[in-house]
Structure formats: structure tokens, C-alpha cells
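Going down the list, the sequences are from chains A and B. Going by our numbering, the first residue of the first sequence is number 828, and it counts up by one from there. Going by our numbering, the first residue of the second sequence is number 828, and it counts up by one from there.
None of these hints come from the bench; they were simulated from the model. Do not take every clue at face value.
As the list makes no split between identical chains, a pair holds if one copy fits it or if it spans any two.
What the hints assert, rightly or not - Calculated cross-link-like contacts (lysine-lysine; reagent style DSS-like; alpha-carbon spacing at most 25 Å): (1) 1041 - 1119; (2) 864 - 1113; (3) 940 - 1094.
A quick note: this is a predicted structure, and the numbers were derived from the prediction, not measured.
Protein chains: 2
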Amino acid sequence: MKYLITGGAGFIGSHIVDELMKRGKQVVVYDNFSTGKKLFIQHHRDNPNFKLVKGDVLDQNLLNKSLAGIDFVFHFAAHADVRSGFENHEIDHIQNLEVTQNVLEAMLENGVKNIAFSSTSSVYGDATVHPTPEDYPFQPTSLYGATKAAAENYIYTYASYYNWKAYIFRFVSWIGERYTHGIIFDLMKKLKENPKQLELLSDGTPKKSSLYVKDGVEAIFTIIEKAEEQINIYNLGHTEVLTVDQIAGIILDELEAHPTKKYLGGKVGWKGDNFFVHLDTRRLNKLGWKPKSTIEEGIKKTIDYLMEDPNLFK
Amino acid sequence: MKYLITGGAGFIGSHIVDELMKRGKQVVVYDNFSTGKKLFIQHHRDNPNFKLVKGDVLDQNLLNKSLAGIDFVFHFAAHADVRSGFENHEIDHIQNLEVTQNVLEAMLENGVKNIAFSSTSSVYGDATVHPTPEDYPFQPTSLYGATKAAAENYIYTYASYYNWKAYIFRFVSWIGERYTHGIIFDLMKKLKENPKQLELLSDGTPKKSSLYVKDGVEAIFTIIEKAEEQINIYNLGHTEVLTVDQIAGIILDELEAHPTKKYLGGKVGWKGDNFFVHLDTRRLNKLGWKPKSTIEEGIKKTIDYLMEDPNLFK
């Protein structure tokens, strides 16, 4: 099997690449390095099984060429900043939906019959069932969530039309090594700028689940190995949830910081954010997977990683 | 309240226009007449409450101008041919999803806070629960269904972002006066061309529900008057289902035709078609609505209408 990973130089994508390389697979990373980093993949540079294509998923021609001979596509390139969609109504549509259709067309062009896709808990929006199961209907409150949901719909249809196998993963926030943005990053950055007062966007009560990246990668490969439907839709999350205040507390403890806290917002941190994110992972657990790290352990590993980022904290 | 109806010269749209005009409302029909017909709206031409804009929903400038002063948009323009999406992967994306985002942007530009949208049973694809309730997850097997589902997702998000009121109607096939395409049309046309043998695309066993247009219009106005959520999602269908063979039988009886029947296909009539379409309408029934016509009565009225179409059968 030969694999291509869009967004393969990104946070999650590069961990998929590592796992595939470890398994001795042939791997093509397709990335435009808008948020992906060479640093995350450069250790494979001299491996003959590894190939890098610097390209944009909007470039249909290059994408078509790059999928020649590929058996399996991980489509993990995305506009992963949930917040900005409220101000910019085009970016999620283009970067999450249109590029997905480009990938599907390139698969068709090249006879590729397997796709794995990084979707999100945001498709459920402000779900009223917690933990939220996979058959909960889409109720996205952000264009990020709406365009990921739409991309799922398109994948569902192409897989039905052409009898492909599809794996759709609905992620909570991932944390751990190579984490590049999100609440831990934001809070650490703020603390660096002002160690005396920490501003939180919400009132501190929003509840979120997170998943440590190595647990997440294990979940993905468990699903691909064991899930037997033609179209396999799985929540990836943690049984635990932490409030924003608890997350901040872990960071402050770990950094031995003692700022006063200032709450700027209400029940959500920004327009389109969801107050309570907790996914039902029983479908995944039935395949034999459980997270090995607690969320607290994952946050600590993330802090350790970020502390070593020379651009951020040194 | 001033209303704009995209696709207002189409089959369903023009019936919405009739009802609004009957209620003395100010109405703007926005239609490019690609499938809509002047004939369907010309009886309002001299009414001062009526205005016609010949325009395409892809024309963002004209759409923005046309929504000035509007309070409520019925977005009913669509690429309504489910079948062709298998061959043409762009048309549904553009005509169902991109135009919907254009409508949403025009609403934002003009401060319009109410939208009604014509969605479809096709969002459920090959549902395994029958009749299928509104909280069944999207599993579209056609790009028509996928793009309508995606448009729903976008409407959900814009309504959440800007606190709009939204009404999403998931329709089974509509039949009745001004019906322009679908199985009744196809079978009558075939009979005209060859009265001795009638070809059916499937094996005759697919089960479909249909709704007579006057019942459907009544359902839509019942929902708009009585539904109290911010985002209101309703199935519109019939408690009855008929097989393709039963539908053909009603047509043959009504036309007193006695062809032999030839079955061309299997369980579905074309790639992406769904074998069993039956929507759970209890949510709508709770608002006090029931269909007044049986499906058989609706089919007969459709046949009567089509028999008078000078272009088709005279």
C-alpha cells in the first residue's frame, strides 16, 4: 500500500507519517507549508520510502499527478482555526470543502479507493446529548464545523458512488508534541507576555475534552485495521472532560505561575464556540482502544513541548 | 413582511408565491427561468404587490440589490435533478451549495433575518430507519443530497452566528399542478412514444413517498406560523408509500393504457437513487397538519395537469 497524506507536515498529519514510516510503508507528504513545518517531517528526508510534494490542495493538476500510484489518501489538510470563520466566510468553504472535493476528484482520476478524513466534534455544535454519539445530527455553529460536515457529506457520496472505503474521524482537540495552536498555546503565550494577570476568553466554565496525539494516532490505526463498514465514522475523544479553568490551573501549576485570572467572556470563548464538547467513544472502544494518557498528562506533555519551542518561549 | 422567493417561478416556488399573494403580502420572485416558467407566475403580473426579478442566484450583486427591504427569504432555487450529479460533479455544488451561501451573504448584507429552505429526503440516503425521523444522520448517496445537506449545515451556522430564524424543509417528491419532471412525467412521456411497451428503470419494487403540492404548501405555512425554535427542521412527506410498480399501475389505469412492462434495472433506478423513501412526519403532524390527498389522488391530479400541457401531450 502506498499512502499520500495531505497536510502531512502538520501537527496531526506528521504523526500519521511517522507511524506509516515506522511500518515501512511508502509515503507521500503533500503540504503547502502554510501551517505545516519542515521540522516535523525532515527526519524522513533521506528514507527512500518517503517523498515530499510541496503543493496546495487547491492545485488540482498537481494533486492529480501526485495521486498516481497511491492506494490510500489521508486527507488531513484543513483550515483548522475554528474562530476565524465568523469574520471570514470564504476560508473554511475553500480550505475545508472545496479542497476535499479536489481530493475526491483526484482519487477518481487515479482509481484510489481508500480515504481517511479528519473531521471534528464541531459538526455536532451545541449538542444536547453528552457524551455525543456518532449518530447525533449535524448542528454546526461555526463555518469550520459546517464545512467539515459538508466535506463528510461529499465523502459519503463519492464513497457510495464508487464503492470506496472511507474512514471519517471526528476529533476533539488534539494535544501533545508538535501542537501549534489552541488554548494551551494561547494561555502560555499570554503568561509570557504578562505573568501577573491571565485573561481567559470565557467565564472559565466551558467544558472540553482533549486527546493526546499518540493516543489519537493509535486510535486512527486501530480503526483502519479493524473497522469493517464501507464508510466508517468514528468519534475520537476522551472519557474525561476539563473546564477551561481546570486547563488553566494545570498550566499554572506546571509553570509555577501565580497570576490573577481575568474572565473576559461568558459561556463561550468566541462566536461559534461550543460550551460543552464531550464525545461518546464507545464505538471506538469496542475495537479495543482506550486512551493511555489522562488529559492532564497530555497537557503536561504539550507544555513540555512548547517550552522547548525556541520561537515561542526562549 | 416582504418576501423574496428564489426559484419563485418554479414548480414549488410558484405555489408559495400564490399563497403569499393570496395573503396580501409583498412578493419578489427571483428566478433565472432555467427551469422556472413565466406561465406559473404571469397571473400576478399586474398586482402592485408583485415584483419579478429575472436573475441568477450566482449573481451576488443583483441578489444583494434585490434583497434590499426584504424580511423573509424562501430559498427554493436549486438544481433539482437528482440523477445527473453522478455524471456532473460540479452542478449540484454550484447550484445547491454555492448559491445558498450567496443567499446567506445577501441576507447578511441586507439585515434579513428569516430564511426558509427547500431541502430533501435525499440527505438521509439509504436510511435504515423507516419512516425516517429528522434526527437521523446525513448519509447522502447522491451529490444532490450531499449539497442539500451541506446547504443545511451552512444555514444552521449563519442562523447561529446572526441569530436568524430558519425553516428547513426536507421534502419527499412533490406532485400536482405545475409538476415538471420526475417519474410520472417520464412514464407518461415513454407511453406517448411507445404505447405498447413501458420501460421501468428499476425492477419496479423501489418504494417512494410523494406529497401533493397543495398539501405541501399548507404544511410549509403551518410550520412557519407555528414552529417556535430558532432553527426549525421538518420532514414533509406522506404516511403512505407506493412502489414504482404501483405508481406505474395508477398511471396506466388513468390513461387506460395496456402496455407490457419491461424492467431495466435492479433495486434502484439509477446510481445514487434510494430504494426506500419514507419520512417520519410526526413532528409536523403535532403542529396540526395532515395531508388531505392520498398519493393516488395526487398522481391523478398530476396526470390531469400533464395531459393539458400543450408541449407534452397534444
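Going through the earlier hints one by one, which of them does the structure break, listed in rising order? 2
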